[in-house]
Amino acid sequence: MSTPDPPPSRELLRTEGIRKTFTGVVALDGVDFDLHEGEVHVLLGENGAGKSTLIKVLSGVHRADSGRVLRDGKPVRIHSAGDAERLGVATMHQEFNLVPHLSVAENIFLGRQPRRFGLLDRSRMNADAAEVLGRVGVDIPPDTPVRELGVARSQMVEIAKALSLRARVLIMDEPTAALTADEVEKLFDLVRRLRADGVGIVFITHHLEEIAALGDRVTVLRDGRSVGRTPASTPRDDLVRMMVGRSIEQQYPRETGTPRATSGNAEAPLLRVSGLGRAGSFSGVGFELRAGEVVGLAGLVGAGRTEVARAVFGADPYDSGTVEVQGRRLRRHDINAALAAGIGLVPEDRKGQGLLPDSSVEDNLGLVTLRRASRAGFVNLTGQQESASRIAGRLNVRMSGLGQRMGTLSGGNQQKVVIGKWLLAQSRVLILDEPTRGIDVGAKVEIYELINELTASGHAVLMISSDLPEVLGMSDRVLVMAQGRIAGELAAREATQDAVMRLAVGTAHEQGTPASKTKDKEGLRGH
Amino acid sequence: MATDIHSSSGQGHGDGHGQGQHRLGKGPSKGGGPGGGPGGALSDAKPVLRKVLLENGALSGLVVLTVVLAAMSPDFLSTQNLLNVGVQAAVTAILAFGVTFVVVAGGIDLSVGSVAALSAIMLGYTSTKEGLPVWLSVLLAVGTGVACGLVSGGLIAYGKLPPFIATLAMLSVGRGLSLVLSEGTPIALPASVATVGETLGGWFPLPLVVLVVMGGITSLVLARTYSGRSMYAIGGNEEAARLSGIRVRRQKLVIYGLSGAFAAVAGIVLASRLASAQPQAATGYELDAIAAVVIGGASLAGGVGKASGTLIGALILAVLRNGLNLLEVSIFWQQVVIGAVIALAVLLDTLRRRA
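So the protein lines, in turn, are chains A and B.
Letter by letter, the first sequence follows residues 1 to 527 of our numbering.
Letter by letter, the second sequence follows residues 1 to 355 of our numbering.
Next comes chain A alone, as it looks inside the complex (with noise of 0.2 Å):
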């Protein structure tokens, strides 16, 4: 483990008093840092606090309002990423900057492919992009197109492309966020000797626990502010502390095992599912979710879960089985029914299924309920903006104003605007599938409030999630999903990592479960 001083070795890049503001909105405050040759320097952080603004002005994408940065203690200019890639800078975002059509190889090369009178030397060029991938540690054939490659290799495919750019300081942001146990330990394995050869790299993360796995030092920003720069061995409790300006008492707040749920119990449940079953994704799947409790839905990606959710809110179809709400069938295959009936659904995929980034946080939230507010095809506008208006206080959007273009806001406020769009809606039986992922700590917090407040106030939520601890810390009772069946269920005392991780690997009892076809099982995350 490292001190709080910087590593002996040289210093690769440094940023003083970065400023941006985005119309009206400041995004960085003056932030100052530093990376040294071989070291791994975590940038932590809550969503909005202005790490992706920052790496986005290291990498070329935007340019700061004022501030000055160093490379070999030299002020540069990054104006475009070409600056960046001359300057030894490497970034791999969150959405990767590969070309899914194109071959691995030329992906390595693109823009720079090996060329014989004017022609593309594929052959040359595949010998590169293997002896790259060689050093990379991974064994792909440089002519696989990229869309065949998981995340974790695709991510491999970027890691490469960087060191055959001969980068000295490569960022990282988020890059573990969809990987499973075992490709997380093979890529600090990679990040390990990158920093053992004396590259500089700049970790973004969400989990805490990889800060003192992997990393050296850590600057946490808040508000587009550098607050605090401290060994990458402080407690997590501390670090929690700095990037909240606060302490989370308790990181899930649902008091679990409570008999909230059964008081209930006489009355008829909200939502019964029984029987589902479509082939080649799920079968036999049945379930009851009553007013006031919280459901977990565990599994392996590729399990079935958002198949399951996605055909019981009527996105997609099923072949057999029944859904009822408060006893009423519902029609299969409709999205209007199952809302009409109360259902909403928070997809998995925020940016791609969940919001409009080119419209206002205003007609965000009045999605759901445009069609309820409209008279002989006129909608309420006032209505609708005095509901928005109500909702977003309740949320505690942090915006700054309605009008605010959605695709500006931080993913936790996003995440709220999403599940404002159904309780404006007063859906009563709430699907969450993956409601924290990729938002901050004090986000997740908020929204683990909201799901208390909801089932508190006669909702039901079923909450499917990867991030097993959260699964645990919040539901009255776990569903765990393998190949396609529901495999079990445990309620919230006898539910344990190790019980739900039994359950979801699948000693499958029966044969003729659904072929399950996943080719990169994401496996389920522990803290």
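It is possible that some hints are incorrect.
[What the hints assert, rightly or not] The calculated label-pair distances, taken between Cβ atoms and stated as ranges, are:
1. B/P133 to A/F378: 29 to 39 Å
2. B/P133 to A/G377: 21 to 31 Å
3. B/V209 to A/N97: 47 to 57 Å
4. A/A376 to B/E183: 35 to 45 Å
5. A/T408 to B/R250: 24 to 34 Å
6. B/G339 to A/R329: 52 to 62 Å
[What the hints assert, rightly or not] Calculated from the model, a selection of chain A residues having no Cβ within reach of chain B, i.e. all distances over 12 Å:
7. L110
8. R116
9. F117
10. R222
11. G321
[What the hints assert, rightly or not] Cβ-to-Cβ under 7 Å is the rule here; a few derived chain A residues that face chain B:
12. L339
13. L356
14. D358
15. L370
Because the hints were derived from the structure by calculation, they are not lab data.
Because the structure is a prediction, the values reported are computed rather than measured.
Glycine residues also receive a C-beta, built at the ideal position from the N, C-alpha and C atoms.
Here the structure of chain A is known, so what remains is to put chain B in place on it, guided by the hints.
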């Protein structure tokens, strides 16, 4: 959107470039804050005006263009000429309003020129050759436009064809049908229809009235109706819209149906100006319409666009053509200039947004 101060002021300016000129002089007395004296109001209005222009690249372009042309040609600012520009803009603008719905919803409609011609031919055919009453013929013409739009929309929503392909097919089918129906020759229109191409009170051109009405409808639909708001949602993120209960496929029918209806109206206005329905009319107008929409600030990726912007885009094209004519620039060079202006307008807008 409609509650956004900036956008509503932008819309206010959309009622015509001539008014934009007047606002330079009159604006302060209208827009000045309460309590400010005449002098104070004047100094208040300038930053407001500057802000409106800065936030609306196309409007600034129109103002600059107008000022330059006014300086270069003394005839440009005459009432007669400005009305002329309006008439020239009318057909493009009405087509472009229809295309605005489609573009906001993330689609494209290449068929509007053909559909306009087919609708006009339908009007001429049913009224002149079949002798139906004019009101019924007009209804049938608009119905033809709507039907074309519904077919395109159906192919897109239910047949999952890309909008480019479906409307490209309709472009060809529409033009072909108008040639078949007319047997390739123009059809004279009854006098009562031809009056649409004339003037109100002997000086105000009726096409301008139609332009204003259709612009008003567009603005109203986009800002205030369920369908309009759905267009922004579908264009912004179709899957998110679907998962929020928007009936995406049904709305696509509405969207392309509206575009067809607007094309029909544009076709009728064009035919009435020529006093005859011509099967080759409005050829290539779909590109002008799309250019107007894009110059007006809409994004071809969907989710962004307004009626006022489209009007400004259509006016820029018309002002430019008119000015180049007044300056006696050859028709060949005019095409070069217009192409350059389209590229420049969108380029400036992109740069402004990035800044």
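Against the structure, the hints come out as follows:
| no. | hint | in the structure |
| --- | --- | --- |
| 1 | B/P133 to A/F378: 29 to 39 Å | holds (32 Å) |
| 2 | B/P133 to A/G377: 21 to 31 Å | holds (29 Å) |
| 3 | B/V209 to A/N97: 47 to 57 Å | holds (53 Å) |
| 4 | A/A376 to B/E183: 35 to 45 Å | holds (43 Å) |
| 5 | A/T408 to B/R250: 24 to 34 Å | holds (31 Å) |
| 6 | B/G339 to A/R329: 52 to 62 Å | holds (60 Å) |
| 7 | L110 | holds (23 Å) |
| 8 | R116 | holds (36 Å) |
| 9 | F117 | holds (35 Å) |
| 10 | R222 | holds (28 Å) |
| 11 | G321 | holds (21 Å) |
| 12 | L339 | holds (4 Å) |
| 13 | L356 | holds (3 Å) |
| 14 | D358 | holds (4 Å) |
| 15 | L370 | holds (6 Å) |
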